[in-house]
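Please construct the entire structure, taking both the sequences and the accompanying hints into account.
Chains as they are written, first to last, in numbering that gives the first Met the number 0: chain F, 0 to 185; chain R, 0 to 189.
By construction, these hints were calculated from the structure, which means they are not laboratory data.
Please note: incorrect hints may appear among the correct ones.
Claimed, not checked - Reference listing, derived: stretches of chain F covered by chain R, where coverage requires no fewer than 3 residues with Cβ under 8 Å from a Cβ of chain R: (1) 16–27; (2) 88–100; (3) 168–174.
Claimed, not checked - Simulated crosslink set (DSS-like; lysine-lysine; CA at most 30 Å straight-line): (4) Lys96(F) - Lys179(R); (5) Lys96(F) - Lys21(R); (6) Lys99(R) - Lys105(F); (7) Lys96(F) - Lys98(R); (8) Lys169(R) - Lys32(R); (9) Lys30(F) - Lys99(R); (10) Lys96(R) - Lys93(F); (11) Lys96(F) - Lys96(R); (12) Lys96(R) - Lys30(F); (13) Lys51(R) - Lys45(F); (14) Lys48(F) - Lys32(R); (15) Lys93(F) - Lys48(R); (16) Lys105(F) - Lys96(R); (17) Lys45(F) - Lys96(R); (18) Lys51(R) - Lys30(F); (19) Lys96(R) - Lys29(F); (20) Lys96(F) - Lys169(R); (21) Lys32(R) - Lys105(F); (22) Lys172(F) - Lys98(R); (23) Lys99(R) - Lys93(F); (24) Lys93(F) - Lys32(R); (25) Lys32(R) - Lys96(F); (26) Lys99(R) - Lys172(F); (27) Lys93(F) - Lys51(R); (28) Lys30(F) - Lys21(R); (29) Lys30(F) - Lys98(R); (30) Lys29(F) - Lys99(R); (31) Lys32(R) - Lys168(F); (32) Lys48(R) - Lys61(F); (33) Lys96(R) - Lys48(F).
The beta-carbon is built from N, C-alpha and C at its ideal position, and this holds for glycine as well.
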Amino acid sequence: MACGKDGEQEQDPRIGGIAASIRVVPDFPKKGIMFQDITTLLLDPKAFKNTVDLFVERYIGKDVSVVAGIEARGFIFGPPIALAIGAKFIPLRKPRKLPGEVISEKYVLEYGTDCLEMHVGAVQPGDRALVVDDLIATGGTLCAAMNLLERAGAEVVECACVIELPELKGREKLNGKPLYVLVESR
Amino acid sequence: MKEVVMLEEENGVVDPRLQAIKAAIRVVPHFPKPGIMFNDITTMLLRPKVFKDAVEIFVDRYRDMSISAVAGVEARGFIFGPPIALALGAKFIPLRKPKKLPGEVISESYVLEYGTDSLEMHVGAVQPGERVIIIDDLVATGGTLCAAINLLERVGADVVECACLIGLPKFKGGCWLNGKPVYVLVDCRQ
Chain F
0 MACGKDGEQE QDPRIGGIAA SIRVVPDFPK KGIMFQDITT LLLDPKAFKN
50 TVDLFVERYI GKDVSVVAGI EARGFIFGPP IALAIGAKFI PLRKPRKLPG
100 EVISEKYVLE YGTDCLEMHV GAVQPGDRAL VVDDLIATGG TLCAAMNLLE
150 RAGAEVVECA CVIELPELKG REKLNGKPLY VLVESR
Chain R
0 MKEVVMLEEE NGVVDPRLQA IKAAIRVVPH FPKPGIMFND ITTMLLRPKV
50 FKDAVEIFVD RYRDMSISAV AGVEARGFIF GPPIALALGA KFIPLRKPKK
100 LPGEVISESY VLEYGTDSLE MHVGAVQPGE RVIIIDDLVA TGGTLCAAIN
150 LLERVGADVV ECACLIGLPK FKGGCWLNGK PVYVLVDCRQ
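So this is what it looks like as structure tokens:
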């Protein structure tokens, strides 16, 4: 069951509604995984707006010039944040989806590896970047995303996710970069 | 029967926002294969004002049309659909490639140049009678948008319009999809 990050203390009143709007689908994509489905959040305009607002309030005025969103659910949350804070939006994609010149970062899956790509020239040295995805699990994908941005000379300010699965300890994988999440799911 | 509306020129006056949108789109030759001039919107996303203007043009159009849901086609429809949905106070419905959506889905096949693909939507995402717009970055053959229209109509939704940033030249004047109007901001750069 998803609950707000700080339990009962000092929780923004919007968090409860956001957590309640997330649907858990058992045994997806395979047995044993309790999938955190944010599509039900997207069907609740107020919850979706509150989600975006919470991120925007945190980052506005902090000189963030880039919001990088991880394909595909990071494409849903990243752009509204980017638009509200006046930052560029950069899609980080699975291999061979981005046209033109890309840089590529491999990461490890439970079985095998995968790869994330970013356009050459999307980011300039000195850009201050957020990485956005719907959820952090093991942290592998977020790590790959941060590496891409740092290789291009950007400074990753923070990773921002709607949901964290704390038992998978993804936070520890982030090389000391801060992580901000709205709800934890145990 | 409604015609495709190409917004570039209305009454002979070109909206400067549209010129900026068109100029911000990058053409990448021979992607994903030889002969295709790929219209890349990622360069537009690097220009916050231009991205914002594109969203605003759509929002201004649909603001008073009682739209209760915006459906976006994976993956680039996920970039444009949500900001429009948020501004309209509407639901956002992701239409996805097979096996990505968890739980119960309905599925619609469509034809590719070689073979077929399919698009899925969650059961229960939209109710009968809801007024919906469909968003994607670009319309080419219209195959994907047609599949999207079918998915929504099968559950009884009222597809008001399909909206894309870019349309291939064949959409200029007189084409529509499944009887639904298609609204396009700029034509394809070649």
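Against the structure, the hints:
1. Here's how the stretch 16–27 of chain F fares: 3 of its residues keep a CB closer than 8 Å to some CB of chain R, so the rule of at least three is met and the hint holds.
2. With a threshold of 8 Å between beta carbons, the proposed coverage of the stretch 88–100 of chain F by chain R holds, since 9 of its residues qualify and at least three are required.
3. Here the stretch 168–174 of chain F counts 0 residues with a CB under 8 Å from a CB of chain R, which misses the bar of 3, and the coverage is violated.
4. For the hint pairing Lys96(F) with Lys179(R), the CA-to-CA distance comes to about 29 Å; that is within 30 Å, so the pair holds.
5. For the proposed pair Lys96(F) and Lys21(R), the alpha carbon gap of about 21 Å is at most 30 Å, so the pair holds.
6. Restraint check: the Cα-Cα separation between Lys99(R) and Lys105(F) comes to about 21 Å, which is no more than 30 Å; the hinted pair holds.
7. Distance restraint check for Lys96(F) and Lys98(R): the Cα-Cα separation of roughly 18 Å lies within the 30 Å cut-off, and the hinted pair is therefore satisfied.
8. The suggested pairing of Lys169(R) with Lys32(R) holds, with an alpha-carbon distance near 21 Å, which does not exceed 30 Å.
9. With a C-alpha separation of about 15 Å, the suggested pair Lys30(F) and Lys99(R) falls inside the 30 Å cut-off, and the hint holds.
10. Only pairs whose Cα atoms come within 30 Å are accepted, and Lys96(R) paired with Lys93(F) is accepted, the gap being roughly 14 Å.
11. Taking the CA atoms of Lys96(F) and Lys96(R), the gap is about 14 Å. The hint holds against a cut of 30 Å.
12. With a C-alpha separation of about 21 Å, the suggested pairing of Lys96(R) with Lys30(F) holds against the 30 Å cut-off.
13. This hinted pair checks out: Lys51(R) and Lys45(F) have alpha carbons roughly 21 Å apart, not beyond 30 Å.
14. Distance check on the hinted pair: Lys48(F) and Lys32(R) sit about 39 Å apart at the alpha-carbon level, beyond 30 Å; violated.
15. For the hint pairing Lys93(F) with Lys48(R), the CA-to-CA distance comes to about 27 Å; that is within 30 Å, so the pair holds.
16. Straight-line distance between C-alpha atoms of Lys105(F) and Lys96(R) comes to about 23 Å, which keeps the hinted pair within the 30 Å bound.
17. For the hint linking Lys45(F) to Lys96(R), the alpha-carbon distance of about 27 Å falls within 30 Å, and the restraint holds.
18. For a cut-off of 30 Å, the pair hint linking Lys51(R) to Lys30(F) is broken: about 42 Å separates their Cα positions.
19. Proposed proximity of Lys96(R) and Lys29(F) is supported: the alpha carbons are some 17 Å apart, at most 30 Å.
20. Straight-line distance between C-alpha atoms of Lys96(F) and Lys169(R) comes to about 25 Å, which keeps the hinted pair within the 30 Å bound.
21. Restraint check for Lys32(R) and Lys105(F): satisfied, since their Cα atoms lie roughly 24 Å apart, inside the 30 Å limit.
22. The hinted pair formed by Lys172(F) and Lys98(R) meets the criterion: a straight-line CA distance of about 28 Å does not exceed 30 Å.
23. Proposed proximity of Lys99(R) and Lys93(F) is supported: the alpha carbons are some 14 Å apart, at most 30 Å.
24. With a C-alpha separation of about 18 Å, the suggested pairing of Lys93(F) with Lys32(R) holds against the 30 Å cut-off.
25. With a C-alpha separation of about 12 Å, the suggested pair Lys32(R) and Lys96(F) falls inside the 30 Å cut-off, and the hint holds.
26. The straight-line distance between the Cα atoms of Lys99(R) and Lys172(F) is roughly 26 Å, inside the 30 Å bound, and the hint therefore holds.
27. Distance restraint check for Lys93(F) and Lys51(R): the Cα-Cα separation of roughly 26 Å lies within the 30 Å cut-off, and the hinted pair is therefore satisfied.
28. At most 30 Å may separate the alpha-carbon atoms for a hinted pair to count; Lys30(F) and Lys21(R) exceed this at roughly 47 Å.
29. At most 30 Å may separate the alpha-carbon atoms for a hinted pair to count; Lys30(F) and Lys98(R) meet this at roughly 15 Å.
30. Taken as a hint, the Lys29(F) and Lys99(R) pair is honoured in the structure, with Cα atoms around 12 Å apart against an allowance of 30 Å.
31. A distance of roughly 41 Å separates the Cα atoms of Lys32(R) and Lys168(F); the hinted pair therefore is violated under the 30 Å criterion.
32. Pair hint Lys48(R) plus Lys61(F) holds up; C-alpha atoms about 19 Å apart against a cutoff of 30 Å.
33. At roughly 25 Å between alpha-carbon atoms, Lys96(R) and Lys48(F) fall within 30 Å of each other, so this suggested pair holds.
In this structure, the earlier hints numbered 3, 14, 18, 28 and 31 are contradicted, and the remaining ones agree with it.
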